[in-house]
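S.K.: Read off the chains here:
There are 2 protein chains.
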Amino acid sequence: MTDEHLQKAAQLLDENGLRKTRPRLEILCVLLEADSPLTGEQVFERVTAGSVDKATVYRTLLLLLKHDIVHNAYLRNRIRHFELAHHCKPDRCHPHFTCRDCGRTVCLYQAIVPDVQNLPAGFLVLHRQTRLEGICADCRVRHYS
Amino acid sequence: MTDEHLQKAAQLLDENGLRKTRPRLEILCVLLEADSPLTGEQVFERVTAGSVDKATVYRTLLLLLKHDIVHNAYLRNRIRHFELAHHCKPDRCHPHFTCRDCGRTVCLYQAIVPDVQNLPAGFLVLHRQTRLEGICADCRVRHYS
DNA sequence: TACTTCTTGCAAATCATTTGCAAATAGATT
DNA sequence: AATCTATTTGCAAATGATTTGCAAGAAGTA
Ligand SMILES: [Mn+2]
Ligand SMILES: [Mn+2]
Ligand SMILES: [Zn+2]
Ligand SMILES: [Zn+2]
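For the record, the sequence lines run as chains Z and F. At position 60 of the first sequence the residue is numbered 60 (our numbering), and the sequence of numbers has no breaks. To get our numbering, take the position in the second sequence, counting from 1, and add 145.
Hints listed in this document are in silico derivations from the structure and should not be mistaken for laboratory results. From the three backbone atoms N, C-alpha and C, an ideal C-beta is built for every residue, glycine too. Accuracy of the hints is not assured; some may be wrong.
Unchecked claim - Which stretches of chain Z does chain F cover? Using the computed rule of at least three CB atoms under 8 angstroms from a CB of chain F, they are:
(1) 31-41
(2) 78-88
(3) 91-100
(4) 103-113
Unchecked claim - Here are a few chain Z residues that face chain F, going by a calculated C-beta distance under 7 angstroms:
(5) Val116
(6) Asn118
(7) Leu119
(8) Glu133
(9) Gly134
(10) Ile135
(11) Cys136
(12) Ala137
(13) Arg140
(14) Tyr144
Using the sequences provided together with the hints, build the complete structure.
M.R.: The following block contains the structure:
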C-alpha cells in the first residue's frame, strides 16, 4: 500500500463525497495495486490480514460500483470480478482476454475495439464490454517446446 | 414444445452421441423456444411442471455446454445465462444488449462486430463476446411521452 | 467536545449451483 | 421381447458466493 495509492484512494472518495474510512482506503489500495480484475474473495485476501470483514468488502465494492469508481468484469465463471474504472472510458471498458490454458486474465488497455455496426433502430448504447478467450502468448510458446 | 423443436433437439443429441432422454429433450425444447439467454432457474420453470429436477437441469446445461451445444452469456448480474449456440459462429457469439431501464436482454443477431485491433503479440483469440448496455427502443419511446 | 449520521463487524440468511447416492432407464445385446 | 450394463435421474444435503439485520463504532460537522 504505497503512499501514492493512498493519496489516490482518498481523492477518489473525496470526489464522490464518500467518507474516508480505513476499510475503504484499504480496499481501494488493493484495487490500485491489482493488474487484473479481482473477486470479492481476492480483495478480502489482499487486504491487511483480518483488518476488514468480508461483508464490508462486498458492501464497499457495491458502493464503489454504484459511484462508477469500479466496474464489473464478466469473465468465464459465475463469480463477479471488480476493477477500478480509471482505465475505462465512460462508454466502454477495455477488453479482457482470458487464457483457456493457464486461466489468467489480461487487461488489454491498448487494444482498439471498433463500434458495433448495424444495431436495431432506436437502441441507445451507453456502455460496451468485450471479452476474449484464447491462448496467451506465454502458453503458445510453452506448447512449442 | 412443437414437433419441429423436438426433431431438432433429438438431432442435436444424436450428432453429439448423447442419449436422448426426456429431460434433455425437454430442456433443449425450452432453449429452442427462448428468444434470449435463460438462467438455470428459468429453464427449470419453463420445463413441463415438475417433470425435471433442478439438479438435472443444471447437469444437463453443463453437459450441453461441454459439447458446445449451448453457450454461456455474461449479462449484468452474477447469474449464468445459457442459450443455444446455433446463432453463434464458432469464434464469436452474437452481441447481447441489456436495457438499463426495463432490464430486458436482446440478442443482436444481425449486428456486425469488427475484430479487435492492436492485440499484444502472440495472443491467439479463439472466442469473442460483446455485451452492450443502454436504453432499448421501447424504453426510449416511453420516456418521450 | 458533542452530536448525528453513516459505516462496520459479526452472525445468520439467502441464492445459485453442485454433489452423493440409490433407483430408473437408454441403448446395445441376446 | 427380455436381458444386460453403463448412464442418467431424482432427491436431499452440501457448497460457495454474496447479502442482510442489528448493535456497536467511527467520520464529519457544529
Ligand atoms: Mn481490466
Ligand atoms: Mn443471444
Ligand atoms: Zn495462458
Ligand atoms: Zn428497455
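S.K.: If a hint holds in the structure, say so; if it doesn't, say that too.
M.R.: Evaluation of the provided hints:
Under a criterion of three residues with beta carbons nearer than 8 angstroms to beta carbons of chain F, the stated coverage of the region 31-41 of chain Z fails, only 0 such residues being counted. Only residues whose beta carbon comes within less than 8 angstroms of a beta carbon in chain F count, and the region 78-88 of chain Z has 3; three or more means the coverage holds. Beta-carbon proximity to chain F at under 8 angstroms applies to 3 residues in the region 91-100 of chain Z; the threshold of 3 is reached and the given coverage holds. Only residues whose beta carbon comes within less than 8 angstroms of a beta carbon in chain F count, and the region 103-113 of chain Z has 6; three or more means the coverage holds.
Taking 7 angstroms as the C-beta cut-off, the interface hint given for Val116 (chain Z) holds, the closest approach to chain F being about 5 angstroms. A distance limit of 7 angstroms between C-beta atoms decides the matter here; for Asn118 (chain Z) the minimum to chain F is near 5 angstroms, and the interface restraint holds. At a threshold of 7 angstroms, the smallest CB-CB gap from Leu119 (chain Z) to chain F is about 6 angstroms, leaving the interface hint in force. For the restraint placing Glu133 (chain Z) at the interface with chain F, the shortest Cβ-Cβ distance is roughly 4 angstroms, inside the 7 angstroms limit, so the hint holds.
A distance limit of 7 angstroms between C-beta atoms decides the matter here; for Gly134 (chain Z) the minimum to chain F is near 4 angstroms, and the interface restraint holds. The criterion of a C-beta within 7 angstroms of any C-beta in chain F is met by Ile135 (chain Z), whose closest approach is roughly 4 angstroms, and the hint holds. Because the smallest distance between the Cβ of Cys136 (chain Z) and any Cβ of chain F comes to about 6 angstroms, under 7 angstroms, the interface hint for this residue holds. Given the 7 angstroms rule on beta carbons, the hint for Ala137 (chain Z) holds: about 3 angstroms separates it from the nearest Cβ of chain F.
Among the interface hints, the one on Arg140 (chain Z) holds; its C-beta lies about 6 angstroms from the nearest C-beta in chain F, closer than the 7 angstroms criterion. Because the smallest distance between the Cβ of Tyr144 (chain Z) and any Cβ of chain F comes to about 11 angstroms, over 7 angstroms, the interface hint for this residue is violated.
Consistency note: the structure conflicts with the earlier hints numbered 1 and 14.
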